[in-house]
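Enquirer: Sequence order for the protein chains is A and B. Quick note, the first sequence lines up with residues 1 to 138 if you use this note's numbering. Quick note, the second sequence lines up with residues 1 to 489 if you use this note's numbering.
Careful, some of the hints might be misleading.
Claimed, not checked - Taking lysine-lysine and the DSS-like style, the derived pairs with C-alpha atoms no more than 30 Å apart in a straight line are:
1. A/LYS93 <-> B/LYS344
2. B/LYS39 <-> B/LYS326
3. B/LYS326 <-> A/LYS120
4. A/LYS120 <-> B/LYS422
5. B/LYS195 <-> A/LYS8
6. B/LYS119 <-> B/LYS271
7. A/LYS50 <-> A/LYS61
None of these hints come from the bench; they were simulated from the model.
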Amino acid sequence: MPYKFVEKLTRADVAFECESKTLSELFEDSAQALFEIMCNPKKIESKITKEFVLENDTLEKLLFNFLDEIIFLKDSESMLFNSCTVEFVDDLKLKATLTGDKVSLDQELRVDAKAVTMHKFEAKKTEKGYFARVIIDI
Amino acid sequence: MAFREFPRPPIKKVTDTEWLVEKNYKEGMNVDARIYATKGLIDNMDNAVFDQLTNVATLPGILNYALCMPDGHSGYGFPIGGVAAFDAETGVISPGGIGFDIGCGMRLMTTNLTIKDVKPKIKELIGNLFDNVPAGVGRGGFVKINGSDFKQAIEQGAKWCVENGYGWKKDLERIEDNGCMSGADSAKVSDRAIKRGINQIGTLGSGNHYLEIQHVKEENILDKDAAKKIGIFPDQIVVMFHCGSRGFGHQVATDYLQTFLSVMESKYKIKILDKELACAPFSSSEGQDYFKAMQCGVNMSYVNRQTILHRVREVFSKVFNSDAEKLGLNLIYDCAHNTAKLEKYKVDGTLKDVLVHRKGATRAFGPGNKEVPKDFSELGQPIIIGGSMETGSYLLLGTKDAEEKTFGSTAHGSGRAMSRTKARKLWTGEQLQKDMEDKGILVKAVSYRGLAEEAGGAYKNIDEVIQATALSGISKPVTKLVPIGNIKG
């Protein structure tokens, strides 16, 4: 699995790390980990597509904004997702396409993601590809 | 990737329930760190608590001590259970000292029903509450309003609810701040925050948030006189719930954390030891803007809990075929445990304006304090400390000791003892639900996985936390309350 949940990093919340081959995959893997926290993505139907474009001046800030946008869509539009593709149109400018459905009780809901924290937050290029560490406030 | 294990600092015993990490422990500490706990609790606190607390002690303008309450556990920036007071003129304000769920808090309401009245109807009651108080990820509420109404709601707090038919005027006297932090300014919150919160009024959320039907067992009443004055009697059924400002408050905190990170060093030359301690001088424009936005967050939490209270009254009325007033569905108190408030304290002999951050800590004002509702003026401010869904919760009172020792603060919950992953390895939601039903607690949850994560065994012993608050004098227990029904996200 390109992402793993890391138990020892937090007691009350949820932490995950991604080791991904490409920058696009780093964002897609991080999104998938976030989906997994909030629901079972396999139970979410692909009924609605959402697209957004984001850019920022550092990789860390861009990943932060990207995950924050998914949390924003969860609350503002009651959207949960099962898949995500990320395309980089420039060095630090991405276009994301997410598919999913409105929240309902017959989906396998898990816990609410309140916020992306800056605690031990990292997003960086490594020798093998890219690495990210994220702790989500529950 | 390996992490440095935090070392355990030298901890000096002051009394059986007060412990110190002295300010020479870490470079830059302006004050000592002081922990309120029994030996058992402090021995089991994770080392990160001490690291975070001693980081807090380095912040500019901190007064007396960086404080940790008995339910302390590690958080981000500040530990949960952390209290820090800053000089309003020279100190800072930090979103990390308040928490992402601004205004998160507890409500407790009475009924005049007894266990005999409620037990036969518990299934119907829990089913109706589950249908009427939405819980779980991304769920919206029944209040449908536009942006301008929402801005009024977050500026007026619970008063807005009462004016719009959600509750009684007398409820307002029983809410911290009378249900409204008056410095709230909706111009200081982002459209993004408003969009996240506008559909969530009257919703519980998930994680450790819950709504519970509780039983006052006679043997659990610890202060009979105070209980009677508050309206608590043996075998009574009461209702408690725990929730916050939902996506609105989470976004306000996220927005300002980023704002502070961008100006803290470059503009204000403040160096911090952890990004989650991002802060700005309280007197700066950024600090003042956040304080006004944060008050909107606290007000949203009052609005959310007031609307839930209204729904609870509707459900009881329906199930017991009587009106809410006849059923005695009165609010005992609403206290928020993720806040920053301007209060006055004597520091080194001088009365000062002090900004008290409480992150997972409850205000605990003593008898005679003008902020205490007049009905409880002789008793002290009611404090509601929520335990796990299996073990029970407590009603306590604030004390003068708390005002002198902890800037009027006490614990807020039992505090987690293990990670969510570990809890899921030990329990399944389905089995836990069955086991709890066998013990007389009917639970209805949106998520079985979420339920397993909240098992009683995943939390510290609430009785020991309460004992620590009582022994140290920072609160006075009135009664323990045990659950018979629970809904959660």
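Enquirer: Are the hints correct? Go through all of them and say.
Expert: Cross-check of the supplied hints:
1. A/LYS93 <-> B/LYS344: With a Cα-Cα distance of about 49 Å, the restraint between A/LYS93 and B/LYS344 is violated, given a limit of 30 Å.
2. B/LYS39 <-> B/LYS326: violated, 47 Å
3. B/LYS326 <-> A/LYS120: violated, 53 Å
4. A/LYS120 <-> B/LYS422: holds, 21 Å
5. B/LYS195 <-> A/LYS8: Violated - the C-alpha atoms of A/LYS8 and B/LYS195 are around 34 Å apart, more than 30 Å.
6. B/LYS119 <-> B/LYS271: Given that 30 Å is the threshold and the Cα spacing comes to 57 Å, the pair is violated.
7. A/LYS50 <-> A/LYS61: holds, 21 Å
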